[in-house]
Amino acid sequence: MKIVVAIKQVPSLADEVELNAEGTNLDFDAVDFVLNEWDEQAIEQAVLVKEAGSGAVTVIGVDATGELDGVLHTALAKGADAVAKVAGEFEPGLTSHAQARLLSSAIIDMAPDLVLTGVQAPDDLDGQLGPMLAALMDLPYVGVVNSVQVSGRTATVHKEYAGGLMAEFSVQLPAVIGIQAASQPPRYAPVSKVRQLAKTATIEEIETAEDELESGLSVRSMTRPVSVGHADMIAGDAKAVAGRIIAILNERGLI
Amino acid sequence: MPQPIEQQKVIQDKVKEHEHLVVEGMDISGHWNRMFGQRAIFDYDPDNLAKVATLQGGESLEWCYGCAKCTAVCPVDIVGDYSPRKIHRKTQLGIDLFTSEDLWLCTTCRNCLRVCPKEVDMIQIMPAVREQAVLAGNVPAELQKAFEDTAKFGNPLGQAQRKRDAWTKDAGTPVPIMSTIKRPVDVLWYVGSYTSYHPRGIDAARAAARIFAALGVDYGILGKEEKDDGDSQRLAGEKGLFEMLAESNIAAFNNYEWQTMVVTGPHEYNAFKNEYPKLGFDRPVQHYTQFLAEHLDQLRPLLKHEVKARVTFHDPCYLGRHNGEYDAPRALLQAIPGVELVEMGRCRENGYCCGGGGGGMWLDSFTAKHTSMRLSERRVREAAEYEAEILAVSCPFEVSRFEDAAKSTGNDTLKVRDILELLDLSLRG
Ligand code: SF4
Ligand code: SF4
Numbered sequence: 001m002k003i004v005v006a007i008k009q010v011p012s013l014a015d016e017v018e019l020n021a022e023g024t025n026l027d028f029d030a031v032d033f034v035l036n037e038w039d040e041q042a043i044e045q046a047v048l049v050k051e052a053g054s055g056a057v058t059v060i061g062v063d064a065t066g067e068l069d070g071v072l073h074t075a076l077a078k079g080a081d082a083v084a085k086v087a088g089e090f091e092p093g094l095t096s097h098a099q100a101r102l103l104s105s106a107i108i109d110m111a112p113d114l115v116l117t118g119v120q121a122p123d124d125l126d127g128q129l130g131p132m133l134a135a136l137m138d139l140p141y142v143g144v145v146n147s148v149q150v151s152g153r154t155a156t157v158h159k160e161y162a163g164g165l166m167a168e169f170s171v172q173l174p175a176v177i178g179i180q181a182a183s184q185p186p187r188y189a190p191v192s193k194v195r196q197l198a199k200t201a202t203i204e205e206i207e208t209a210e211d212e213l214e215s216g217l218s219v220r221s222m223t224r225p226v227s228v229g230h231a232d233m234i235a236g237d238a239k240a241v242a243g244r245i246i247a248i249l250n251e252r253g254l255i
Numbered sequence: 001m002p003q004p005i006e007q008q009k010v011i012q013d014k015v016k017e018h019e020h021l022v023v024e025g026m027d028i029s030g031h032w033n034r035m036f037g038q039r040a041i042f043d044y045d046p047d048n049l050a051k052v053a054t055l056q057g058g059e060s061l062e063w064c065y066g067c068a069k070c071t072a073v074c075p076v077d078i079v080g081d082y083s084p085r086k087i088h089r090k091t092q093l094g095i096d097l098f099t100s101e102d103l104w105l106c107t108t109c110r111n112c113l114r115v116c117p118k119e120v121d122m123i124q125i126m127p128a129v130r131e132q133a134v135l136a137g138n139v140p141a142e143l144q145k146a147f148e149d150t151a152k153f154g155n156p157l158g159q160a161q162r163k164r165d166a167w168t169k170d171a172g173t174p175v176p177i178m179s180t181i182k183r184p185v186d187v188l189w190y191v192g193s194y195t196s197y198h199p200r201g202i203d204a205a206r207a208a209a210r211i212f213a214a215l216g217v218d219y220g221i222l223g224k225e226e227k228d229d230g231d232s233q234r235l236a237g238e239k240g241l242f243e244m245l246a247e248s249n250i251a252a253f254n255n256y257e258w259q260t261m262v263v264t265g266p267h268e269y270n271a272f273k274n275e276y277p278k279l280g281f282d283r284p285v286q287h288y289t290q291f292l293a294e295h296l297d298q299l300r301p302l303l304k305h306e307v308k309a310r311v312t313f314h315d316p317c318y319l320g321r322h323n324g325e326y327d328a329p330r331a332l333l334q335a336i337p338g339v340e341l342v343e344m345g346r347c348r349e350n351g352y353c354c355g356g357g358g359g360g361m362w363l364d365s366f367t368a369k370h371t372s373m374r375l376s377e378r379r380v381r382e383a384a385e386y387e388a389e390i391l392a393v394s395c396p397f398e399v400s401r402f403e404d405a406a407k408s409t410g411n412d413t414l415k416v417r418d419i420l421e422l423l424d425l426s427l428r429g
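So the sequences go chain by chain: V and D.
Its first residue numbered 1, the first sequence is counted upward by one per residue in the numbering used here.
Its first residue numbered 1, the second sequence is counted upward by one per residue in the numbering used here.
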């Protein structure tokens, strides 16, 4: 059972995000990158599938930040068996199209039984990486999945719909699955372990022949939302607050 | 009722009882006229003790000769059943410290080491064994959450890094941030996580800013460039996390020109004074009580308003026992007009522990299962026994711990205040 998890890094929202001078994207020099949280769920689900049966997990990403190694070491600390990166002259902010082309050509060569990836990422919110990977590799796809069980050549996956409805799918393997949440919260990788692995682990570097990285879409402008209206906080003791509320209601002719 | 962790029972296959024993050719069996019965000779399986003692830092557990001096002073034993002697004995009897819940109860308060004739050093033993437990994934959930938050956000409270200097807005005085002022300063003030984010910690931060302003101190803070010091995470077994934070902080410290570092918390003080030097950062650092006590001549005339109260002071383990500072906080309290300082029985070198050190800050529910009351509750009861109206503290972990404890023990009238808050009160009235 060969499980591959496709991951990517996204700008951290723990820090202030800055726009670039042209106002067309984030200023990637001024942000920190973290692993996409849905990909974190996908890694956990892959390790759970492995632990429930047998197999090996390979985690792969495109190194668009020059900082992917740390994420891959963390994946190893969480139980991945091997890690790989598509290396090249990439810039942060690669589109899903580019990611899918680069990753699919590397993943096809690994002949996986199961490919997991986060169902979406906060940087583009297009949720297309999974479907595009599946299309490029000619495999079935199920997305927004929150549990995966494998038996023989079939995966049973659960998908939650609105209103508390749950659907169960049987998917013929190999397949690509977009993970919304793992069946357990992602485990903690002790930094001590990650740092040990950083000294000893090897990351396979995959060269790519892909040069068609345009998505056909370009961002014309990116701006901060303009806030319209705001809340007035009424200060003071209960009496003063009540008085002020009555005055406002009166002003607006509501009482 | 507290649940004892493991009884001190002999684990059968680990300990053998012999009537006669010959060791290296020598008959060491007891003689009938020394003992009125045949003396039993215990042959312990040395494996579990050896597992600890072969770790770097774990060596000294083996040195224990059972005198029990530590048991008399261990703050956890006072509310439970715990001490280095007991850990040593249980390990001898076959209990595996690496998976035992005992592993997480020590607050690294250092009181046992102070009295131990054999220098059995829990401050080394605990992090060494805990590190192995962390690597194996055996970590209490609460503690793991704090590790995760620290790794992700740079602080154990799980707050956004970009909000680290949000407290400065309502400080009532401008707080200079190094990246904005872009000039050398005399004092780099390391604010700390709880002081930056915890609502009650923020009160102390704002008080400190006003005191520095009143004294005309030329200082700056790192703001968003500051991360948690990581020392308590190290003592709780996450050494890698500590190193990661230390590297980031040291880079930020070295980014700017300054003369002295002043820190709000004793844990941070301990980190920068004793641990960061091992990673290449070795610069002068003072706890705020030391810095202000040095400036008492300038400060005293500014303390115009009376704070009329019977005040007792809780020595933080990491300022007192770990770093030998007992006088500076007392000098500050005595300089406040109106303050009547009373000492509790457990003070200075024998000060009680609030329970927050060594990861205890993030193990409250876990520890509560094994103790008759929280350490912080034991402490506020002691403060109340001495009829104190204010329990003064000088560690950002303590304000919230003791305030909660005062409420839960029905001592609501006991106020808990950082010394910074009391100085600020006297300054401003
Ligand atoms: S004080 Fe030291 S030697 Fe004595 S029982 Fe405690 S740990 Fe052992
Ligand atoms: S360091 Fe403190 S809490 Fe830990 S065993 Fe020693 S006395 Fe007890």
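None of these hints come from the bench; they were simulated from the model.
Certain hints may be false.
Here are the simulated lysine-lysine pairs, DSS-like style, with alpha carbons at most 27 Å apart [claimed, not checked]: (1) D:LYS169 to V:LYS199; (2) D:LYS163 to V:LYS199; (3) D:LYS182 to D:LYS273; (4) V:LYS78 to V:LYS2; (5) V:LYS50 to V:LYS2; (6) D:LYS145 to D:LYS369; (7) D:LYS118 to D:LYS304; (8) D:LYS415 to D:LYS304; (9) D:LYS182 to D:LYS169; (10) D:LYS145 to D:LYS118; (11) D:LYS278 to D:LYS152; (12) V:LYS50 to V:LYS78; (13) D:LYS145 to V:LYS199; (14) D:LYS308 to D:LYS415; (15) D:LYS169 to V:LYS78; (16) D:LYS118 to D:LYS69; (17) D:LYS69 to D:LYS169; (18) D:LYS118 to V:LYS199; (19) D:LYS118 to D:LYS273; (20) D:LYS182 to V:LYS78; (21) V:LYS239 to V:LYS78; (22) D:LYS145 to V:LYS50; (23) D:LYS163 to D:LYS118; (24) D:LYS51 to V:LYS78.
Each hint, compared with the structure:
For the given pair, LYS169 of chain D sits about 43 Å from LYS199 of chain V by alpha-carbon distance, which is inconsistent with the 27 Å threshold. Restraint check: the Cα-Cα separation between LYS163 of chain D and LYS199 of chain V comes to about 33 Å, which exceeds 27 Å; the hinted pair is violated. Taking the CA atoms of LYS182 of chain D and LYS273 of chain D, the gap is near 26 Å; set against the 27 Å cutoff, the hint holds. Annotation: proposed proximity of LYS78 of chain V to LYS2 of chain V holds, straight-line Cα distance about 17 Å (limit 27 Å).
Distance restraint check for LYS50 of chain V and LYS2 of chain V: the Cα-Cα separation of roughly 9 Å lies within the 27 Å cut-off, and the hinted pair is therefore satisfied. Proximity of LYS145 of chain D to LYS369 of chain D is assessed by CA-CA distance (about 18 Å); at most 27 Å being required, the pair is judged to hold. Taken as a hint, the LYS118 of chain D and LYS304 of chain D pair is broken in the structure, with Cα atoms around 50 Å apart against an allowance of 27 Å. Straight-line distance between C-alpha atoms of LYS415 of chain D and LYS304 of chain D comes to about 21 Å, which keeps the hinted pair within the 27 Å bound.
For the proposed pair LYS182 of chain D and LYS169 of chain D, the alpha carbon gap of about 19 Å is at most 27 Å, so the pair holds. Our distance criterion of 27 Å between C-alpha atoms is broken by LYS145 of chain D and LYS118 of chain D, whose separation comes to about 36 Å. Taking the CA atoms of LYS278 of chain D and LYS152 of chain D, the gap is near 24 Å; set against the 27 Å cutoff, the hint holds. In summary, the hint linking LYS50 of chain V to LYS78 of chain V is supported, as the alpha carbons are separated by about 12 Å, within the 27 Å threshold.
Distance hint between LYS145 of chain D and LYS199 of chain V is fulfilled; the C-alpha atoms sit about 26 Å from each other, no more than 27 Å. With a C-alpha separation of about 13 Å, the suggested pair LYS308 of chain D and LYS415 of chain D falls inside the 27 Å cut-off, and the hint holds. As the CA atoms of LYS169 of chain D and LYS78 of chain V are separated by approximately 40 Å, the hinted pair breaks the 27 Å bound. Between LYS118 of chain D and LYS69 of chain D the alpha-carbon distance is near 10 Å, which keeps this suggested pair within the 27 Å criterion.
For the proposed pair LYS69 of chain D and LYS169 of chain D, the alpha carbon gap of about 50 Å is over 27 Å, so the pair is violated. For the proposed pair LYS118 of chain D and LYS199 of chain V, the alpha carbon gap of about 37 Å is over 27 Å, so the pair is violated. For the hint linking LYS118 of chain D to LYS273 of chain D, the alpha-carbon distance of about 26 Å falls within 27 Å, and the restraint holds. Distance restraint check for LYS182 of chain D and LYS78 of chain V: the Cα-Cα separation of roughly 41 Å exceeds the 27 Å cut-off, and the hinted pair is therefore not satisfied.
Proximity of LYS239 of chain V to LYS78 of chain V is assessed by CA-CA distance (about 56 Å); at most 27 Å being required, the pair is judged violated. The straight-line distance between the Cα atoms of LYS145 of chain D and LYS50 of chain V is roughly 25 Å, inside the 27 Å bound, and the hint therefore holds. For the hint pairing LYS163 of chain D with LYS118 of chain D, the CA-to-CA distance comes to about 47 Å; that exceeds 27 Å, so the pair is violated. Restraint check: the Cα-Cα separation between LYS51 of chain D and LYS78 of chain V comes to about 25 Å, which is no more than 27 Å; the hinted pair holds.
Of the numbered hints stated above, those contradicted by the structure are hints 1, 2, 7, 10, 15, 17, 18, 20, 21, 23, listed in ascending order.
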